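So you can see what is in the structure, the chains are spelled out below.
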Amino acid sequence: MEFTAKTISEFLRGTIVGNPDEKVSEISKIEEGKKGSLSFLSNPKYTKYLYTTDASIVLVNKDLTLEDKVKATLILVDNAYEAFASLLQLYTQSLPKKLGIDKEVYISSTCKYGKDIYIGAFTYIGENVKIGNNVSLYPQVYVGDNVTIGDNTIIYPGVKIYHDCIIGSGCTIHGSTVIGSDGFGFAPQQDNEYKKIPQIGNVIIEDSVEIGSNVSIDRATIGSTIIRKGVKIDNLIQVAHNVEIGANTVIAAQSGISGSTKIGKDVMIAGQVGIVGHIRIADGVKIGAQSGVTNSIDKEGEIILGSPAYNISEKRREFAVARQLPNIYKKITDLEKEVQRLKDGEKKS
Amino acid sequence: MEFTAKTISEFLRGTIVGNPDEKVSEISKIEEGKKGSLSFLSNPKYTKYLYTTDASIVLVNKDLTLEDKVKATLILVDNAYEAFASLLQLYTQSLPKKLGIDKEVYISSTCKYGKDIYIGAFTYIGENVKIGNNVSLYPQVYVGDNVTIGDNTIIYPGVKIYHDCIIGSGCTIHGSTVIGSDGFGFAPQQDNEYKKIPQIGNVIIEDSVEIGSNVSIDRATIGSTIIRKGVKIDNLIQVAHNVEIGANTVIAAQSGISGSTKIGKDVMIAGQVGIVGHIRIADGVKIGAQSGVTNSIDKEGEIILGSPAYNISEKRREFAVARQLPNIYKKITDLEKEVQRLKDGEKKS
Amino acid sequence: MEFTAKTISEFLRGTIVGNPDEKVSEISKIEEGKKGSLSFLSNPKYTKYLYTTDASIVLVNKDLTLEDKVKATLILVDNAYEAFASLLQLYTQSLPKKLGIDKEVYISSTCKYGKDIYIGAFTYIGENVKIGNNVSLYPQVYVGDNVTIGDNTIIYPGVKIYHDCIIGSGCTIHGSTVIGSDGFGFAPQQDNEYKKIPQIGNVIIEDSVEIGSNVSIDRATIGSTIIRKGVKIDNLIQVAHNVEIGANTVIAAQSGISGSTKIGKDVMIAGQVGIVGHIRIADGVKIGAQSGVTNSIDKEGEIILGSPAYNISEKRREFAVARQLPNIYKKITDLEKEVQRLKDGEKKS
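Chains as they are written, first to last, in my numbering: chain A, -15 to 333; chain B, -15 to 333; chain C, -15 to 333.
Excised from the complex, chain A in its bound form (with noise of 0.2 Å):
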């Protein structure tokens, strides 16, 4: 499909400076732009190839300070990556969708679902399973007996959902992510043997959660694993029995959240983060990457960094500190041989 510039401009409600009739049917990086497709200019690391781009058609801030020609028609909106967001979903919604039952799938005759499904091969749903409209099962898609899924959601290929979670709507889990298996209780015996503690629990995602692939979200021992509204959630990611993780939060890749732990909303939880269990972190905390959070963090907003984690500012003073000591070891050298002296010659005196 091919698009002018006026037809894009007038869907984001921008300005154009250039070529209305500028014709693009392709997306492109703004860096590896070419002719006939469309890039856009948000992080100012890239303003430079404003000045240089092939593309045809570049979105921008339209508080943007043009410093040089431009050889691209410009379409100036309030937000250029939001509209540039808004193009690519209009892209994605005019893809073809699966829609159907797959012949060679499993599901239970107790099962039932709404319309405009999709449900690839080899997908397997159990008992009692209940299936909102237009919901994608991938193929090889697991729901095990007394799942819920609410409408709109796609489920990716080879997620495993086992028995009594409720997934909600609008929400999207990736490839291999595992929701809902034991979680890790064991009782110590007296002959060093560990004795099981049956997690009879389930897990709760509400809506509009986005999982990323080969995550695992355990099952509460009793009551539920609960992840609210809006939740984003990277790859890798592990969420431990009884957890809960409060309305738009977001966890980047490999993080790892240890039981009963609950955390606020509109928390930012970066990459490679441990946090222990039966703490809680207050809404809207930031954790920098790599943190191993050992305690509650109460207040609202702290942005936390390091293993053990605290203030930003105070780590990142260590961390500089750190970074001098063996220069300071030697400082400390020289000042007990200045001592040494001063009071060798306060005994001669």
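These are computed hints drawn from the structure, not numbers from a lab.
Just so you know, these numbers come straight off a predicted model, no measurement behind them.
It is possible that some hints are incorrect.
No distinction is drawn between identical chains; accordingly, a pair holds when it is met within one copy or between any pair of copies.
[To be verified] The calculated DSS-like cross-link candidates involving lysine-lysine, where the alpha carbons are at most 30 Å apart (straight line), are:
#1 K46 to K114
#2 K270 to K(-10)
#3 K327 to K314
#4 K32 to K82
#5 K114 to K81
Go by the hints and put chains B and C onto chain A.
Structure of chains B and C alone, referenced to chain A:
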């Protein structure tokens, strides 16, 4: 199902304080207790809820001293946590269990299996596989050629067990876990390319081992990667080729053990720990979260922490002083000034 | 099969010391050698076993100086490790290989595939997929629409390859790995919710790449996430959207690379390393285990360590002094007392 305090107390050999006819039909956390639910109190952090819970029955340690009125009927037992675990076990055993072989499976003609087994749809079983009695293979499991699986073992959906691996009795393996993938072995060549070292060994998992979801356990180059009896492995854990893990060792989520390292028995490894290759960890060692273990730990029962990891008391003192580093730096600068002043005074005099 | 020392030595162009008619039928580690087995000695840590092993034949480097009597027949070669790898390769090539297409598969009518291929049961192949010659797709693999897979590539059970991705020739991908899941891209909204940025790019994996189990490689937002020729990726690794990894780079288990970062060629990344987004790592850089890389590394061949990571020699000196911190603190307190005493003496005088 409904149970009375009397029935439960008799099963647990406990003592009732309250109404022996009190009835419960479900299980809840003490802080979420409601009429008709059974709870337990073990962690002292939760004692306050005993006086406010709406649970009808609460299991408590018999040595608990009450400090206020309690509405619930209490059942006094030696260890409330273990008693509760026993009830959970009873409860889960009462749940219906899947049996039989779904018709959408691939089972080689040379596979031998015992009685009372469950093989879910889309599970693949290769040549010469031997499966014991009372084994559950959930849907979409892969069992490679020549694999052996012992009695009473449960393999959850999507687990992949490569050829020649041996799984013991009474094991549990959770979704998407991979047992027996190739070890990471490559010989560097003169042109900077790498030549693969074929991995012709296997993985041996002894009895009563539990393995979480999305775990990777690589096969040995030659010989076996060995997980001894009673080991408990959480989610997203890496076990490299030729590793050996001793009996009843417990490993929390996202930890990784590099090639050929031997872990003793009764070791406790917290989350996100990394252990280098070709070392030994003595029996009973405890390793704190996010530690990086770079050398063998020879002393049994040693507790280590940090990256690089050493004795936890030493490390904690180091952490405490590290937090004072900006302050320490100021002290040194002050000392330097003072000493300079003293030296200047000395010269003058 | 049984081989004589003579046959093996001729294949390896080695020199026999001992009995040319000595026979072996299996392969063992040198410390577990037994009559009829072949071992090798490469790592000097294992030299002691040469004098005690029961292996019938041992491959050794031709420059090895014997310090005691050896029972085994030796075959002297230039490089015992590589010679052993060649034998392992010969051995694995002699194993029976699965060929043909199981009947329980889903293959779209528009898929094209070459000769000598294996497609295992419950594997799904979407529209317009192109598969080369001599490719193995184990059971339960997912191959999305428009995917291309080159000759001689092996895809192990449960791998999920999303639409539009390109896999080269001679690649190996292990179980449960996901190629092409959505990058983690969300635009924050004013109400603290996030709007998904559709990820319309793909993943390109060039020739001779090996990827372990439970790995996540996300598709690009636009353009491609690229893994160059000869790269080796261990288990449980995160590769975010728009990352590019240069030729023959090696990455150990549980490491993660954030979005848009470009890694050079011949880079070595140890286990559990985290690398932030939008940076560049020069060719030949080596990154120590558990490092956190927060800035571009511009110097080729630089070796870095730590979190935050910098030059390994500098970091190691810092680690050494850090361990002395409690001692350093005492030195400073002592100095403060001494200086105070000197000042007091000064006043008195």
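Checked hints:
no. : hint           : result
1   : K46 to K114    : neither (47 Å within a copy, 44 Å between copies)
2   : K270 to K(-10) : neither (41 Å within a copy, 50 Å between copies)
3   : K327 to K314   : both (20 Å within a copy, 19 Å between copies)
4   : K32 to K82     : neither (41 Å within a copy, 54 Å between copies)
5   : K114 to K81    : both (22 Å within a copy, 21 Å between copies)
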